[in-house]
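Just need the whole structure built from these sequences, with the hints factored in.
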Amino acid sequence: MLNMIKADFYRAVRSKAIYIAVILMLVMLALDLYTVEPGNLGIHLSMNIGPQTEMSSELSQMDYEQLSALSMKDYRKLRLKMTGYSLDRDILACNINLYYVFIFVAAVAVAADFSGSCAKNTLSSAISRKKYFLSKFVFAMLVCAILHFLNTYVMYFGNRLFNGGNLASDLGSVTRITLLQLPPVLALAGILTGLAFLLKRMAVFNAVGIPFVMIVQVILNFLSLALKLPEEVMHYELQTMIARLSMDPSLSYTLRSYAVCGGIVLLFGAAGWFSFRRAEIR
Amino acid sequence: MRETVLQAQRLSKSYGSFRALDNVDLTVYKGDICGLIGRNGAGKTTIMKIITGLAEKSGGEFELFQRPGEALGDEKRRIGCLIENPAFFGGLTARQNLQYYAIQKGIADRRQIDRALELVNLSDVGNKKFRKFSLGMKQRLGIALALMDHPDFVILDEPINGLDPIGIRELRDTFQRLNAEEEITFLISSHILSELYMTANRFLILDRGRVLKELTKEELDLACMRCLAVHAGDLKQAAVILEQNGISDYKVIDGKELRVYDEAIRPERLNRLLMDGGVDVSAVFETGISLEDYFTSLVDGREQ
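Quick mapping for you: the protein sequence lines, in order, are chains A and B.
Throughout, our numbering is defined as the position within the first sequence, counted from one, plus 1.
Throughout, our numbering is defined as the position within the second sequence, counted from one, plus 1159.
No wet-lab data here; the hints were simulated from the structure.
There is no bait here: all hints are sound.
Pairs of lysine-lysine, DSS-like flavour, derived with a Cα cap of 27 Å:
#1 B/K1288 <-> A/K17
#2 A/K7 <-> B/K1297
#3 A/K17 <-> B/K1287
#4 B/K1264 <-> A/K7
#5 B/K1189 <-> B/K1376
#6 B/K1372 <-> B/K1410
Pasting the structure below:
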């Protein structure tokens, strides 16, 4: 299994997809750092994500028309003058964006193998299906974890370099948040790897994988409204968990959210495995 | 008793109501170059996919290296194979592709990659990207992967597809040399029967998911050799005379030659029968039938 993971690393560093993923991640970070305001690719379900620090800024006294009249440069200047605001924490709270980066990882690790029929070379004479499946999961999770940490430290040092220390937290708390967010990040990797095993072909995987996280949010939102679920239930949706875990969460919330993440990995892992274990490899 | 590499009993595979394999029994012995002969859809690739774990059997059993096939585990490394089309990563070079699979298999000696490329004459293009390869080069790289890591059993599905005649000959020599020098057992399927005849020393003839015949090269030679060919002016009249004399085991080939497969008939008697019946016989001689004819006669026999 270790050899399989090593081989996938060998291939990944020679594949354009991983570099595109890193570039995409850097572009998103650059935009966040320039605008001093993180963008969010998901759909926020629960904005009530925990104890926010007190913010003060000239921006909070402006109405919509005044804000609209500001140039990007002026807007940035005013954002930089904010006090009591940690841009790095805010960017980490929006780490659901990494889902779109992780799509490349699952595509390289699994979908490319099936789409190009290369999986048959491995499964016919190298290792068993079980080891193949597990090693692909471990590989995808490892790469996603590495990208998650890379994202954090590029963002942290980039923020200090371009925006100064006013909006920055200390390195220890940023590292702590990154570690706290690791289970939901791995759950994202698990969802995508499970989907890749389930769908196999690259085109189908992309068609389903790209909107998947948003579709799930829309469905959960609908269910929450239709079934009048308590708001707390929505705190265990992945995007909300990632955001809340960046805001000094309670121990009980952290543990419960990790249990949910474990369940998600198991669910998608099982779906992928049952689809793969008896499938004819073409 | 010869050591078996592959032994299958009542192997079956169904896709819905279609039966791709129907109770197939087959044995491949250590040191064989076993040729799988069959039409499209005969079940050749399905057998190969089942024994390499790419498809699940619907019934029956098979053993590889005298162990239950599905419990092979790490011994899978003893198998090298090329099933259907050669598949590699287009963005990687030939050498990088082999390196990727070498890492997977835990092959520490990277010289094996050079050796494999050398065996299939791809050393000069090892640093060319796979996507830029011609069909023949892709096929050779697939064979190189199958031969890497000194396998005990090599399974090749239509390995000479897309190769030029010189390439086919080189590969045939390579397979025969590896078989003789390293005792590698081969299971090779091909549509090009004459080529398979020159490469293999045992044959399995398949049709519609069933093994029609399992025979050695010597047995095949014998089966193909035993016939009397007749060149005559009026082959229709000759056929009528044969029928009148109770000889029904004959065939007219391409309207030019009549072949009698009845082993009891001697050429002198046949000649006399036809001459007495007024047929202008120009030649009667013993000859063989081609592998293709033999295969066709087996398949036709089954259809009848």
